[in-house]
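Based on the sequences and whatever the hints tell you, model everything.
Residue numbers (numbering that gives the first Met the number 0), protein chains in the order written: chain A, 0 to 301; chain B, 0 to 448.
Hints in this document: simulated from the structure, not taken from any laboratory.
Since no wrong hints were added, every one of them can be taken at face value.
Listed below are the simulated DMTMM-like cross-link pairs for lysine to aspartate or glutamate, each with C-alpha atoms no more than 25 Å apart in a straight line:
no.	chain 1	residue 1	chain 2	residue 2
1	A	Lys90	B	Glu244
2	B	Lys65	B	Glu166
3	B	Lys8	A	Glu73
4	A	Lys128	B	Glu247
5	A	Lys89	B	Glu262
6	B	Lys434	A	Glu83
7	B	Lys2	A	Asp154
8	B	Lys443	A	Asp59
9	A	Lys129	B	Glu247
10	B	Lys12	A	Glu126
11	A	Lys137	B	Glu247
12	B	Lys434	A	Glu84
13	A	Lys92	B	Glu244
14	A	Lys109	B	Glu262
15	A	Lys212	A	Glu288
16	B	Lys8	A	Asp95
17	B	Lys8	A	Asp116
18	A	Lys89	B	Glu244
19	B	Lys2	A	Glu73
20	B	Lys2	A	Glu84
21	B	Lys8	A	Asp110
22	B	Lys12	A	Asp134
23	A	Lys227	A	Glu297
24	A	Lys129	B	Glu244
25	B	Lys2	A	Asp95
26	A	Lys128	A	Asp166
27	A	Lys222	A	Glu288
28	A	Lys128	B	Glu244
29	B	Lys12	A	Asp110
30	B	Lys443	A	Glu23
31	A	Lys130	B	Glu244
32	B	Lys12	A	Asp95
33	B	Lys8	A	Asp152
34	A	Lys209	B	Glu440
35	B	Lys2	A	Glu68
36	B	Lys12	A	Asp116
37	A	Lys92	B	Glu247
38	B	Lys2	A	Glu64
All values reported here derive from a predicted model rather than from experimental measurement.
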Amino acid sequence: MSENNATLKVENVTKRFGGFTAVENLSFDVKAGRVFGFLGPNGAGKTTTIRMIVGITIPDEGRIELFGEKVSSELQNRIGYLPEERGLYKKMKIADQLHYFAALKGVSYKDAEKRIDFWLDRMQLGEWKKKKTTDLSKGMSQKIQFIATVLHDPDLLILDEPFSGLDPVNVKFLIEVVAELKAQRKTIIFSTHLMETAERLCDDIILINKSQKVIGGTLREVKASFSKNLISLRVSGGERVLRDTNLVEITNENADSVEVKLTEMLDSQTFLKRLLAEGAIVSKFEEIEPSLNDIFIEKIRG
Amino acid sequence: MRKFLAIVKHEYKKIVLKWTFLVGTLLFPVLAGAFAVVPAIIFSLKGEPTRIALIDPGGKVAPRVKENLSVEKMKEKADKAAKEALKDITATQDEKMKRQAEQFGESFIFIDYNAGEKPLEQIQQELNAQINDGKLDAYLVIPPNYDSPDAQFLFRSRKAGDFVTNEGLSDALNQAVRSQRLSDANISESKLKELSANVKIDTKNIDETGEKDSDGVFIASFIIGMMIYITLAIYGQAILGAVVEEKETRIAEILFSSARPFELMFGKLVGVGLAGLTQLAIWIISALILVGVGIAQMSAAGVDIVIPNISVWMIILFFIYFLLGFFIYASIFALIGSMVTTVQEGGQFSFPPIMVLLIGFYFSFAVIRDPNSSLSFWVSIAPFFAPITMPVRILSSMPPFWEIALSILINVAAITFLVWLASRVYRVGMLMYGKRATIPEVWKWIRQV
Numbered sequence: 000m001s002e003n004n005a006t007l008k009v010e011n012v013t014k015r016f017g018g019f020t021a022v023e024n025l026s027f028d029v030k031a032g033r034v035f036g037f038l039g040p041n042g043a044g045k046t047t048t049i050r051m052i053v054g055i056t057i058p059d060e061g062r063i064e065l066f067g068e069k070v071s072s073e074l075q076n077r078i079g080y081l082p083e084e085r086g087l088y089k090k091m092k093i094a095d096q097l098h099y100f101a102a103l104k105g106v107s108y109k110d111a112e113k114r115i116d117f118w119l120d121r122m123q124l125g126e127w128k129k130k131k132t133t134d135l136s137k138g139m140s141q142k143i144q145f146i147a148t149v150l151h152d153p154d155l156l157i158l159d160e161p162f163s164g165l166d167p168v169n170v171k172f173l174i175e176v177v178a179e180l181k182a183q184r185k186t187i188i189f190s191t192h193l194m195e196t197a198e199r200l201c202d203d204i205i206l207i208n209k210s211q212k213v214i215g216g217t218l219r220e221v222k223a224s225f226s227k228n229l230i231s232l233r234v235s236g237g238e239r240v241l242r243d244t245n246l247v248e249i250t251n252e253n254a255d256s257v258e259v260k261l262t263e264m265l266d267s268q269t270f271l272k273r274l275l276a277e278g279a280i281v282s283k284f285e286e287i288e289p290s291l292n293d294i295f296i297e298k299i300r301g
Numbered sequence: 000m001r002k003f004l005a006i007v008k009h010e011y012k013k014i015v016l017k018w019t020f021l022v023g024t025l026l027f028p029v030l031a032g033a034f035a036v037v038p039a040i041i042f043s044l045k046g047e048p049t050r051i052a053l054i055d056p057g058g059k060v061a062p063r064v065k066e067n068l069s070v071e072k073m074k075e076k077a078d079k080a081a082k083e084a085l086k087d088i089t090a091t092q093d094e095k096m097k098r099q100a101e102q103f104g105e106s107f108i109f110i111d112y113n114a115g116e117k118p119l120e121q122i123q124q125e126l127n128a129q130i131n132d133g134k135l136d137a138y139l140v141i142p143p144n145y146d147s148p149d150a151q152f153l154f155r156s157r158k159a160g161d162f163v164t165n166e167g168l169s170d171a172l173n174q175a176v177r178s179q180r181l182s183d184a185n186i187s188e189s190k191l192k193e194l195s196a197n198v199k200i201d202t203k204n205i206d207e208t209g210e211k212d213s214d215g216v217f218i219a220s221f222i223i224g225m226m227i228y229i230t231l232a233i234y235g236q237a238i239l240g241a242v243v244e245e246k247e248t249r250i251a252e253i254l255f256s257s258a259r260p261f262e263l264m265f266g267k268l269v270g271v272g273l274a275g276l277t278q279l280a281i282w283i284i285s286a287l288i289l290v291g292v293g294i295a296q297m298s299a300a301g302v303d304i305v306i307p308n309i310s311v312w313m314i315i316l317f318f319i320y321f322l323l324g325f326f327i328y329a330s331i332f333a334l335i336g337s338m339v340t341t342v343q344e345g346g347q348f349s350f351p352p353i354m355v356l357l358i359g360f361y362f363s364f365a366v367i368r369d370p371n372s373s374l375s376f377w378v379s380i381a382p383f384f385a386p387i388t389m390p391v392r393i394l395s396s397m398p399p400f401w402e403i404a405l406s407i408l409i410n411v412a413a414i415t416f417l418v419w420l421a422s423r424v425y426r427v428g429m430l431m432y433g434k435r436a437t438i439p440e441v442w443k444w445i446r447q448v
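Next up, the structure:
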């Protein structure tokens, strides 16, 4: 985690509304070119934090640095923000709305025109350019909103629940687009409470609950730290090792496979070696990782 | 600055490029014209002339009635009545009255009926029969004792509801009887005319520029007051609608992540204000052209017409006052828009500012009546009222320069305060979804850094 490639640095940020603390002493870094999962249940303080990052509100305490600078209206042009609560002008032509949003991000009319054509094409909405929002389906307007987010070619994309309300085909489509953007070294922050999606897309995550950070790091690290040393195996023989309660505890056994929890006496590799030394034939040996969902539930309930 | 201009352009185009703007721009002059013309057309619609028989055994009153109902007499009378009622009467109105009088005069056809020595009952029976046959519409029986206080005049008509005709006839009869009574008392006809002549009042306004014809000032002041009232109400509400739309659709969140709230709100005010100015300019310029063409035609036709003299300086002041009024009311509407959650809710809250605006409009009548009273002075300086009352006052009687300067200064100060207030509420309120803000909440937002 080198300091110089952090797109975003959040340091000890606190935000209060009256007597209510929405975000408390929150710190995390988002590295350039990575997909960062910003996770937490509803009401955890995700949107409040994002609003501070994009410069809508100002933290009461702490500091937010974007691209190595303090948040300013100039830097806003380098962020693309897709809010969770989103909308379009109802009676305005799609092209006109997109032009307005682009102009607000400092894009010239000519550049905007080119990019609007490109993106409408990419989103398979080319023939809707002159139509009004009221003519569009919900999925279509969601894609238009996504275009508005990326139109100014931002270096940092913040997508707040981008898939809510989309059908599976469009979700897949949007994930592809996000992957393309990642390949262009864009930094992407995903805010979601859907752990399956986060698990599929994110390199790094942070989990916040009740306005505080619960856990953070690379997806791998987080998962490893939550590993319960559970192993699922299909084995014949090796009974002595399996039945040694000093070494393992059988948590689940069925005809085909057995699930064991290792004690602190040994790690998975030593366990495998011991089994093989016993002459057991191992046809399946898999460390069971907790899913992000499990971690989420455990952390939030705990 | 580039973003600010983008916001202004966006708001301006949003209004001006809509077909409703075009319709409104074209419709207002048409409607205003219709208001002036339609009643005149309706009243000038000519009914069938009333066929009337005058039964006058004495033979003295009937000729006078006939004379009074003649075209010339009617014209004269209408003229007098109009002058008394309106004092300031424009040439076009004058023309209209004359035309109406002519038409009225032509609306009686006198049917001869020889009553001879027949008793009243028989006369009535015969005439009633004629009416039933459709040969006659009405008859009037003048009793021989017409000068007695309890003389009974009989009027029977199958169009008894035609109050215009009846009124005219009753006037004519009254006059006829009165002049007959006077002549019976040996007062000569010429003496009579001399005695009953109206006094002539020469009405002129006096201000620094000297005497000025007040012809048309009333109407012009009223129109300008009305125009400013309507545009302020319409464009104030347009601001409300635009703000609520961005809040309701949550576009505000995207906007706030792209530009500063103050830029967004002020850009909206400027954009919509320019749209209003455009419309007002179209109206005023087209009005000036129409009036110009009208005068040219009138004077070509030999009609002498005096219009209120409106200088370029006055027109500039109207636009300045429109903008002052716009920013005062628009910032209030922006504030309301960011407090509420739906357009309907905003509609309820827009009632108080509209009331204040309306009061300002009513004050303008007091200003027209007496532009130099202390009431006129105060209402044309007070914020909220000045944007309507000052232009009206300027048109009625140009106030001293320092009063205009003071009024502009005070209103600019009010705008500065209101825009500041509105922007404080706007930046928080626009991101508050779900429920309408309460006054204590709004107060908290205002004080919040």
